[in-house]
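Put together the whole structure using the sequences plus the hints.
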Amino acid sequence: MSFEAFLVVTAASSCATWMSIFAFSPVLFTWLSSAYRSLPKDRQRLVDNHFKTVVHGTAVAALAWYAYTCTEVPPEGVWLDAPLVRFESAVYFGYLISDLIQTAIYPHVSNIEFVSHHVLSLYSSLIAASYPAMPYYANICHMMQLSNPSAFFRVILEELGLKGSKYYTWNGITLLVTCFISRILFTGIATVNLAKIMIFQDSFSQLPLHVSSCYIFGSLLFNAMNYYWFGLICKGVVDYFGEKETKKKL
Numbered sequence: 001m002s003f004e005a006f007l008v009v010t011a012a013s014s015c016a017t018w019m020s021i022f023a024f025s026p027v028l029f030t031w032l033s034s035a036y037r038s039l040p041k042d043r044q045r046l047v048d049n050h051f052k053t054v055v056h057g058t059a060v061a062a063l064a065w066y067a068y069t070c071t072e073v074p075p076e077g078v079w080l081d082a083p084l085v086r087f088e089s090a091v092y093f094g095y096l097i098s099d100l101i102q103t104a105i106y107p108h109v110s111n112i113e114f115v116s117h118h119v120l121s122l123y124s125s126l127i128a129a130s131y132p133a134m135p136y137y138a139n140i141c142h143m144m145q146l147s148n149p150s151a152f153f154r155v156i157l158e159e160l161g162l163k164g165s166k167y168y169t170w171n172g173i174t175l176l177v178t179c180f181i182s183r184i185l186f187t188g189i190a191t192v193n194l195a196k197i198m199i200f201q202d203s204f205s206q207l208p209l210h211v212s213s214c215y216i217f218g219s220l221l222f223n224a225m226n227y228y229w230f231g232l233i234c235k236g237v238v239d240y241f242g243e244k245e246t247k248k249k250l
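So in full-length UniProt numbering, spot 126 of the sequence shown is number 126, and the numbers just go up one at a time.
No wet-lab data here; the hints were simulated from the structure. For clarity, every value in this text was computed on a predicted model and none was experimentally measured. Fair warning: there could be bad hints in the mix.
[As the list claims (entries may be wrong)] Label-pair distances were calculated between CB atoms; the ranges are: (1) T58 with L221: 21 to 29 Å; (2) I199 with S34: 55 to 63 Å; (3) H210 with Y167: 38 to 46 Å; (4) S2 with W229: 34 to 42 Å; (5) K196 with V237: 27 to 35 Å; (6) A12 with F114: 21 to 29 Å; (7) A23 with V155: 16 to 24 Å; (8) A23 with Q201: 42 to 50 Å.
Ideal Cβ positions, reconstructed from N, Cα and C, are used throughout, including at glycine.
Here you go:
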């Protein structure tokens, strides 16, 4: 089997895996939580979808950070094959397909903002899986998954009535830290590195237009989204602790 065929199988298997986790979630949460059992069906499906995202984010982030720290994926590598990064991209592609399928079946589990994000991510992950090029920058995108487990677990805690718990507090702090590290700090470094190779490396101009434009416009769009989301997270943290302080005084 060629590596390209393996990636197609990986994407299909990934989609089936995440659909299976979504289907397994009600069994797990029905056993674990009486609060889940009392939720309306649409809210249960929201918890199930977010649980799937927590598992996916944990797995893909672990792979991406391993690739960043333990393999050779240099920022100056334009035409460079990194099989692990292409594998990550195929896994992510399958996840996105599963999420869009579930959104079509259960529209309340998502919104137009995330659907737009997924459509853009589908294209960028297809490029990253298909071309042995720009692996450092593709991997940075997968490293951003580091903040997803705490982001989506926050909603699960809210749905299960645990917003005032210490778990919710520590999860919020984790979200703030992981979002800053993965979506602000490392993406900022990657953006500077991308600008350098665009200016100083002729090999970048030799990329097909749809590949180079994917990384250029993807950097702009996803950076804008990250700054927006990080701003919302900061505001949420301030509001949450401000509300807790007010309650203490009353």
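Hints versus structure:
no.: 1; hint: T58 with L221: 21 to 29 Å; verdict: 25 Å, holds
no.: 2; hint: I199 with S34: 55 to 63 Å; verdict: 59 Å, holds
no.: 3; hint: H210 with Y167: 38 to 46 Å; verdict: 44 Å, holds
no.: 4; hint: S2 with W229: 34 to 42 Å; verdict: 38 Å, holds
no.: 5; hint: K196 with V237: 27 to 35 Å; verdict: 33 Å, holds
no.: 6; hint: A12 with F114: 21 to 29 Å; verdict: 22 Å, holds
no.: 7; hint: A23 with V155: 16 to 24 Å; verdict: 19 Å, holds
no.: 8; hint: A23 with Q201: 42 to 50 Å; verdict: 46 Å, holds
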